[in-house]
Structures are given as C-alpha cells and as structure tokens.
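**Q** So the chains spell out like this:
Number of protein chains: 2
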Amino acid sequence: MTQDKIRGLVVQSGGPTAVINQSLVGILTSAQKHNAHLETVYGARFGLHGVLHENLIDLSHRETQDQWPTLAQTPGAALGSARIKPKAQDTKRLFQVMEAHKIQYLFYIGGNDSAEAALLIGAEATANCYPLRILHIPKTIDNDLMMTHHCPGYGSAANVVAHFALADDLDNQSFQHSIKINVCMGRHAGWLAAASAWAGPHIPQLIYMPEIPFQLSKFVQDVQWSYETYGRATVVVAEGIADHLINGTGLGDQDMDEFGNPSRLSGTGKLGDYLVCAVEKHFHQTLNIRKLRIRSDTWGYIQRTLPNMVSTIDANEAFRLGEAAVTHAVSGISHKMLTLQSQGADVPCDVGLCPLEDVAQKTRLMPRDFINALGNGVTPAFLDYLKPLMDPITPVQMLKEPRLIQKKLPPYQR
Amino acid sequence: MTQDKIRGLVVQSGGPTAVINQSLVGILTSAQKHNAHLETVYGARFGLHGVLHENLIDLSHRETQDQWPTLAQTPGAALGSARIKPKAQDTKRLFQVMEAHKIQYLFYIGGNDSAEAALLIGAEATANCYPLRILHIPKTIDNDLMMTHHCPGYGSAANVVAHFALADDLDNQSFQHSIKINVCMGRHAGWLAAASAWAGPHIPQLIYMPEIPFQLSKFVQDVQWSYETYGRATVVVAEGIADHLINGTGLGDQDMDEFGNPSRLSGTGKLGDYLVCAVEKHFHQTLNIRKLRIRSDTWGYIQRTLPNMVSTIDANEAFRLGEAAVTHAVSGISHKMLTLQSQGADVPCDVGLCPLEDVAQKTRLMPRDFINALGNGVTPAFLDYLKPLMDPITPVQMLKEPRLIQKKLPPYQR
Chain A
1 MTQDKIRGLV VQSGGPTAVI NQSLVGILTS AQKHNAHLET VYGARFGLHG
51 VLHENLIDLS HRETQDQWPT LAQTPGAALG SARIKPKAQD TKRLFQVMEA
101 HKIQYLFYIG GNDSAEAALL IGAEATANCY PLRILHIPKT IDNDLMMTHH
151 CPGYGSAANV VAHFALADDL DNQSFQHSIK INVCMGRHAG WLAAASAWAG
201 PHIPQLIYMP EIPFQLSKFV QDVQWSYETY GRATVVVAEG IADHLINGTG
251 LGDQDMDEFG NPSRLSGTGK LGDYLVCAVE KHFHQTLNIR KLRIRSDTWG
301 YIQRTLPNMV STIDANEAFR LGEAAVTHAV SGISHKMLTL QSQGADVPCD
351 VGLCPLEDVA QKTRLMPRDF INALGNGVTP AFLDYLKPLM DPITPVQMLK
401 EPRLIQKKLP PYQR
Chain B
415 MTQDKIRGLV VQSGGPTAVI NQSLVGILTS AQKHNAHLET VYGARFGLHG
465 VLHENLIDLS HRETQDQWPT LAQTPGAALG SARIKPKAQD TKRLFQVMEA
515 HKIQYLFYIG GNDSAEAALL IGAEATANCY PLRILHIPKT IDNDLMMTHH
565 CPGYGSAANV VAHFALADDL DNQSFQHSIK INVCMGRHAG WLAAASAWAG
615 PHIPQLIYMP EIPFQLSKFV QDVQWSYETY GRATVVVAEG IADHLINGTG
665 LGDQDMDEFG NPSRLSGTGK LGDYLVCAVE KHFHQTLNIR KLRIRSDTWG
715 YIQRTLPNMV STIDANEAFR LGEAAVTHAV SGISHKMLTL QSQGADVPCD
765 VGLCPLEDVA QKTRLMPRDF INALGNGVTP AFLDYLKPLM DPITPVQMLK
815 EPRLIQKKLP PYQR
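So the sequences go chain by chain: A and B.
So for the first sequence, our numbering puts the first residue at 1; every next one is plus one.
So for the second sequence, our numbering puts the first residue at 415; every next one is plus one.
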C-alpha cells in the first residue's frame with residue numbers, strides 16, 4: 001500500500017445513542033481536513049457484519065457530505081449497528097477486506113463490548129503485522145466505561161430519564177395515595193437510574209441501582225416510608241436489579257447475545273409487574289391499606305434515541321471525540337480509546353487517550369459515595385458530578401403546600 | 415345566598431394531561447376579571463373526593479396567585495384528580511358542601527366520565543332547585559369526546575407519541591432485521607396511536623387502532639410485509655386492541671374503576687409481549703427466518719405529562735376554554751361543555767358550547783376515512799385534521815439510500 005492511498009473505516013457497534021452520529025460526523029469532518037493523508041472514509045453497514053460481508057459505503061462522497069449536518073443531529077446508528085464478538089476466522093477476514101479496500105485506519109464507535117472487539121482486532125493486527133491504526137470512540141448511555149469522566153450518549157439519555165422521572169412524578173402527584181415504579185435502562189451500573197435525581201429535590205423519592213444488592217423486603221419498607229412521608233412514592237429502578245432477583249422468580253427467559261448479555265431485559269414489563277405485586281402484597285396484607293393506586297412502567301428503548309432531548313454538551317463532546325480520533329490516527333497513535341478528562345466543574349472536559357486493555361471487559365460502577373447510605377438514592381456528590389453534563393430542566397411546580405379552608409360540616413363516610 | 419357572595423369551585427377529574435392546569439389558570443384569570451360577580455374560586459383536592467370530604471383550597475388567595483404562571487405550564491392535575499362516579503348520597507352531600515361554602519359555580523375539568531358525572535350533578539341540581547351553574551371543560555389525551563373538533567391535552571400527547579415513534583424508528587433502523595412493537599395509550603379510540611404518523615412518511619410503518627377489529631393473523635402478515643418492504647417494522651398499537659384479544663389469551667386480570675374501565679391495561683408489557691411472541695412464531699416457524707430482533711415497549715403514563723413536549727397550540731386552547739367557562743357561567747349559562755369549533759385549516763378554533771347529554775357516555779371514534787383501507791395506518795385526511803394541532807417535528811434523517819461500494823472478495827460464511 002502506498003501512503004497516498006490510505007483509507008479509513010468507521011464501525012458503529014452496540015446500542016445506539018442520541019449522539020453516536022455526532023462522533024461519526026466528527027470523524028468525517030476531521031478526515032476532510034487531513035485529506036493529504038487520508039483519501040476517504042468508508043462506513044460499515046451494521047457493524048462488523050458490514051466489514052465481514054464487504055457491505056461498505058463511501059462517507060466522504062459529495063452526495064453523502066450534504067447529509068452530514070442533519071445526520072449529526074440524528075439519533076440512532078446511521079451506519080447500522082450490531083453486537084458481534086469477532087472470532088479467529090472473522091479477524092482473518094477483516095484484514096482481507098481491509099487490505100482489499102486499502103483501509104489502514106479503523107474507527108470503532110462503541111461501548112465495553114466494542115472496546116473488547118477493538119482490543120482483539122488490534123492485537124491480531126499487531127501479531128499479523130497488518131499496518132492498522134485502530135481507535136475506539138466511546139459511546140454508551142450506560143456510562144460504564146473505565147478511564148473516562150463520562151461517556152458520550154450518557155448526557156442525552158440522562159436528560160431523557162430526568163424528564164421522564166419529572167413527568168411521572170407530576171402524574172403520580174395527580175392521584176391520592178399513588179405508588180409508581182419505573183424501570184429504567186442500566187444492566188450493570190446505575191448511572192442512568194441515578195440521573196433521574198436531576199428531576200428535582202425528592203423527585204423521584206426512591207432510586208435503586210444495581211451496585212447495591214437489591215433486597216425486596218427493604219424495597220417495600222422504603223416504599224412504605226415514602227408513602228408515609230410524601231403521600232406517594234415515585235420510584236426509579238435500574239433494570240439491572242433484576243439480576244439480584246433473577247433466580248427463583250420466573251424473571252429468566254433471556255436471549256443472550258454473543259457477549260453473554262441478556263438481550264431481553266428491557267422491552268417487557270416483567271420486572272415492574274413483579275415489584276408492583278410485592279408492594280401490593282405488603283400494603284394489602286401487611287398494612288391492610290387497600291385504597292392505593294400501584295402501577296409500573298418500563299421506559300424502554302426511547303431512552304436512548306429521543307431526537308428533541310439531546311444534551312448540547314453531549315452532542316459537542318461526541319463530535320470532538322470523533323474529530324480527535326482522526327487527528328490521533330494521522331499522527332500515528334493506535335490501540336487506544338479516546339477519553340473525556342475533567343478539568344473542574346465549570347470547564348469543558350479535555351480529550352485524552354487510554355489503552356484499550358484498561359477498558360475492555362471492565363465495567364465502571366458508580367462509586368459508593370455517589371449512592372446514599374440507605375442505598376435508595378444519590379448523594380450531592382453525584383449531582384455535582386452530573387451538573388456539567390446537563391441542560392437545566394423545565395421549571396414546573398405543582399401547588400405549594402395547599403392549605404385547606406376550614407371545614408363546616410361533619411365528616412362524610414362514603 | 416346573596417348575589418355578592420358567589421363562589422366558584424374547580425374539580426379536576428380523570429387522567430391528567432400536560433395542559434390541564436392551563437384550563438385551571440384560565441378559570442382563575444377569568445374569575446379575577448369577573449370579581450364583581452365572583453368572590454373567589456376554590457379548588458377541590460383530588461376530584462370529587464375533595465368536595466365530598468370538604469378538602470377545599472382557596473385558589474384566588476394572593477399566595478396562590480404568585481404560583482399561577484408556573485402552575486399553568488406544569489403538567490399533571492395540580493388540584494389532584496380522582497375517578498369517582500357520584501352516587502345518590504354523594505350528590506346530596508355535594509350540595510350540602512357547596513351550600514355551606516356558598517358555591518354556585520362548578521367548573522369540571524375532565525373527559526367522558528367527568529361529563530357523565532357533571533350531567534348527573536347538573537340534573538340533580540335542577541331537580542333539587544340548587545342554584546348551580548355547572549360547566550364542563552374538556553380534557554383528554556384520548557381525544558374521544560363528541561361535539562368538539564379536538565380535546566385539550568390531545569395535541570401535547572400527540573406530540574409526545576410522534577416523537578416517541580420517531581425515536582423508536584431511528585433506534586430500530588440502527589439494527590439489521592429488526593421488528594419493534596410499541597404499545598401506546600388509547601382504550602377505545604385510536605387518535606393517539608394515529609398521531610404517531612406525524613413522525614414522518616412511513617414512520618411508523620404500521621399503526622393499529624381499536625376502531626378496526628384486530629386480527630392477529632393479519633397483523634403478523636402486515637409485519638412480514640413491512641419487513642420485506644422496508645427491511646424493518648416499527649409498529650404502534652393502541653392498547654385498546656387488547657379488547658379484541660382479551661378472551662382466551664390470558665390478558666385479563668384488570669382492576670375495573672367505578673366507570674367499568676379496565677385500569678391496568680397500561681403500565682405492563684403484557685400486550686407487547688404477546689404480540690412479540692406471535693410475530694416470533696410466524697417468522698421462526700412459518701417463514702423459517704431466525705436472525706431477527708423482535709422487541710416491544712409499552713410507552714406508559716409519561717405520554718400524558720412530559721413537561722418539555724407541551725404543544726403551544728394545545729396550551730393556549732386549554733387556557734382559553736378555562737377562561738370562557740367563567741365568562742359563560744357569569745352570563746348565566748349552565749349544564750354545558752365547552753367545545754373547540756374548527757374554522758378552517760389555518761385558523762384557530764372558536765370556542766363553542768354543547769349540551770352535556772351529547773357528550774356523556776359517548777365516545778368519538780376515528781372516522782373510517784381517517785384510517786387507511788387496510789386498517790393498519792392513517793390517511794392524508796387524518797394528517798390534515800392533525801396539522802393545525804401540531805408543532806413541527808425535529809428534522810432528522812438517517813443516511814439516504816446508502817450505495818454499497820463494489821465488493822472485491824468472494825462472499826463470506828460466518
């Protein structure tokens with residue numbers, strides 16, 4: 001291969017986010033500036049599938065360029081995504097495809113599993129002396145990657161979850177004696193569930209994160225406490241707490257993807273229904289309180305791709321990481337993940353780099369001091385962490401401490 | 415009672431909406447202008463419960479006035495809501511409470527069931543010569559009230575559903591071979607499900623409304639057609655289609671409220687899970703297609719109270735109907751519901767009046783010409799109907815017709 005013929009390839013992998021295409025357009029914009037080194041950038045249709053089956057498109061093509069500005073603000077993986085762990089024969093094929101198409105730069109936009117795939121591909125490239133520069137651009141609404149202050153995609157999903165929690169608490173406040181349980185995304189870490197606390201003080205009243213072993217008996221006691229304290233309970237649980245319940249409750253029946261993740265935990269109401277039953281039993285049988293509205297919702301996939309709730313900061317950062325990936329590749333850097341490094345509360349994060357080994361197959365859980373002592377909410381330290389990522393929330397307010405006017409009649413029995 | 419002591423009372427009833435408090439503040443603002451006739455306006459805490467148990471608050475109080483502007487833009491029933499059908503003894507008590515507090519104007523903000531309650535109370539007032547002026551201000555995200563072009567609350571919920579459908583289709587497009595079924599609110603009528611079509615041309619690809627008898631065998635054929643035509647199927651079904659399935663499928667187990675409505679149909683994934691199973695069976699067993707992602711979500715209660723997705727037109731109309739209710743009451747009108755009367759596509763609706771008898775216990779279904787011939791989508795006539803209620807949708811666009819570059823290697827078998 002001659003130096004003047006180098007091509008780049010972008011792969012989008014794993015669950016989409018609202019800003020994953022910002023990173024894509026960041027790469028394309030930066031590649032255009034480096035066109036002395038980089039002839040063109042290809043995109044793989046549907047992740048590694050696209051590379052393996054040579055389903056590639058030319059993203060630097062002029063027709064495609066006209067689409068960049070709208071594409072950047074479009075949630076969802078524009079190239080198409082997949083969840084594939086490359087096997088030995090797949091890696092061999094990848095290099096055949098890349099060689100055939102003169103591809104030497106591989107930009108991998110993804111989460112933990114993608115970091116693992118990128119690490120595998122990078123190691124094979126080294127072992128086989130393929131002249132590959134591979135860079136991983138983080139994206140995950142789960143915010144659970146090591147080595148980065150936060151992950152592109154998280155801020156927008158956090159914004160959605162905070163607004164959903166606010167909406168749901170307003171709905172819940174509309175009814176007397178109402179308990180509402182919401183299941184939010186987050187298999188291993190509670191970052192997204194925790195972000196619901198951005199809705200406002202004591203909204204939601206209870207949050208459960210998978211970092212704390214979930215105990216059903218404590219949960220129903222907490223709900224009782226909220227009911228007695230606030231007259232209601234608006235609850236957010238991360239779907240991952242199901243892992244603490246999964247044995248013996250009939251919550252199984254998951255398909256596993258190739259990384260061993262249960263791929264069906266979101267999208268059904270199973271966990272919510274189960275928790276509603278437990279709360280109902282406690283209030284009806286133990287407390288003998290029957291006049292009570294108890295409901296659940298599972299927020300599902302819209303958490304990650306709502307187009308009109310994209311966080312400005314999140315969009316900018318995702319774009320900047322895409323840009324930086326190209327600059328680093330051109331300057332000879334490889335086998336790294338791009339990171340966001342905090343420079344203080346009110347300063348934008350710097351772009352950094354870390355080895356893929358430090359990210360792959362690792363999960364960054366919430367630190368204990370971001371979760372309250374009771375394990376059912378967040379601390380001010382977490383809200384401080386979250387603050388630089390978030391847009392302000394819509395100001396809303398139900399009636400403040402409405403005072404009843406004096407009664408004039410004897411009580412009524414219905 | 416002397417003429418200079420007349421008081422008004424506001425009751426919020428049924429499911430909350432994003433703009434129900436606009437109507438409340440509309441009433442309060444108008445009442446202030448008519449303070450020569452109307453001394454003050456009370457609010458009932460938690461619907462008729464509040465009237466029966468004398469849980470009343472003074473909404474004209476200066477402390478409360480400061481809250482009006484924020485209150486108006488706050489979704490959810492600020493006074494608190496309930497679903498109560500007044501019995502004979504309840505009606506008697508209502509007049510005792512109203513007499514004790516010098517209340518002669520009753521403003522009832524609600525949907526079909528509230529219109530029925532208002533009709534009952536109005537008839538009893540006439541029969542008992544209680545000097546009551548009762549006016550019903552419509553609100554329902556279901557948009558299923560007779561005699562009005564549309565209902566306050568619907569436009570905002572329609573905006574939410576359109577954005578959810580768009581988000582979900584972007585998510586769905588991110589995966590190869592993906593089928594996604596979304597369950598949307600709407601027990602009897604498909605207005606809200608239909609509004610998902612505002613997301614864009616062919617988004618979602620299929621919409622099912624309760625007006626058309628739901629046939630599972632036709633549904634799976636439609637999904638297959640969408641899959642073959644668009645490479646995916648993003649589907650929206652109104653929860654009400656469950657009524658067509660409910661016998662013999664294990665979908666029962668509903669609590670009924672006092673109006674005989676099943677109160678548990680939203681909030682669980684039952685219907686979505688059921689449809690996923692049916693589609694899975696068809697693709698796996700009948701078509702022998704197994705590499706397919708099939709998921710469902712149930713959008714739940716957030717559809718009606720998202721604070722940052724309120725439609726401007728909806729908010730204004732809800733306010734205007736509240737204002738008009740007071741003007742009409744002061745001028746001696748009673749036993750009516752306020753309506754919105756279309757004056758043409760690009761002109762704001764006029765405020766009208768209709769008898770409560772024409773609304774109570776009736777449901778306005780979608781006319782047949784708003785639903786396509788196949789019963790799985792909407793017509794241009796429906797989109798014309800919807801247009802004056804909607805804000806424009808966020809412009810987003812995935813890659814347009816991406817052309818694959820020429821392959822250079824033999825096909826790959828994984």
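Simulated from the structure, these hints should not be mistaken for lab results.
Warning: the hint list may mix true and false statements.
[To be verified] No farther apart than 27 Å at their CA atoms in a straight line, the calculated lysine-lysine pairs in the DSS-like style are these:
{"id": "1", "chain 1": "B", "residue 1": "Lys801", "chain 2": "B", "residue 2": "Lys822"}
{"id": "2", "chain 1": "B", "residue 1": "Lys501", "chain 2": "A", "residue 2": "Lys407"}
{"id": "3", "chain 1": "B", "residue 1": "Lys501", "chain 2": "A", "residue 2": "Lys408"}
**Q** CA of Lys501/B to CA of Lys407/A, is that 27 Å or under?
**A** holds (22 Å)
**Q** Do the alpha carbons of Lys801/B and Lys822/B lie within 27 Å of each other, as the hint requires?
**A** Not OK: Lys801/B and Lys822/B at ~49 Å, beyond 27 Å, violated.
**Q** When you check the alpha-carbon spacing of Lys501/B and Lys408/A, does it fall within 27 Å?
**A** The given pair, whose Cα atoms are some 22 Å apart, holds under the 27 Å limit.
In this structure, only the earlier hint numbered 1 is contradicted, and the remaining ones agree with it.
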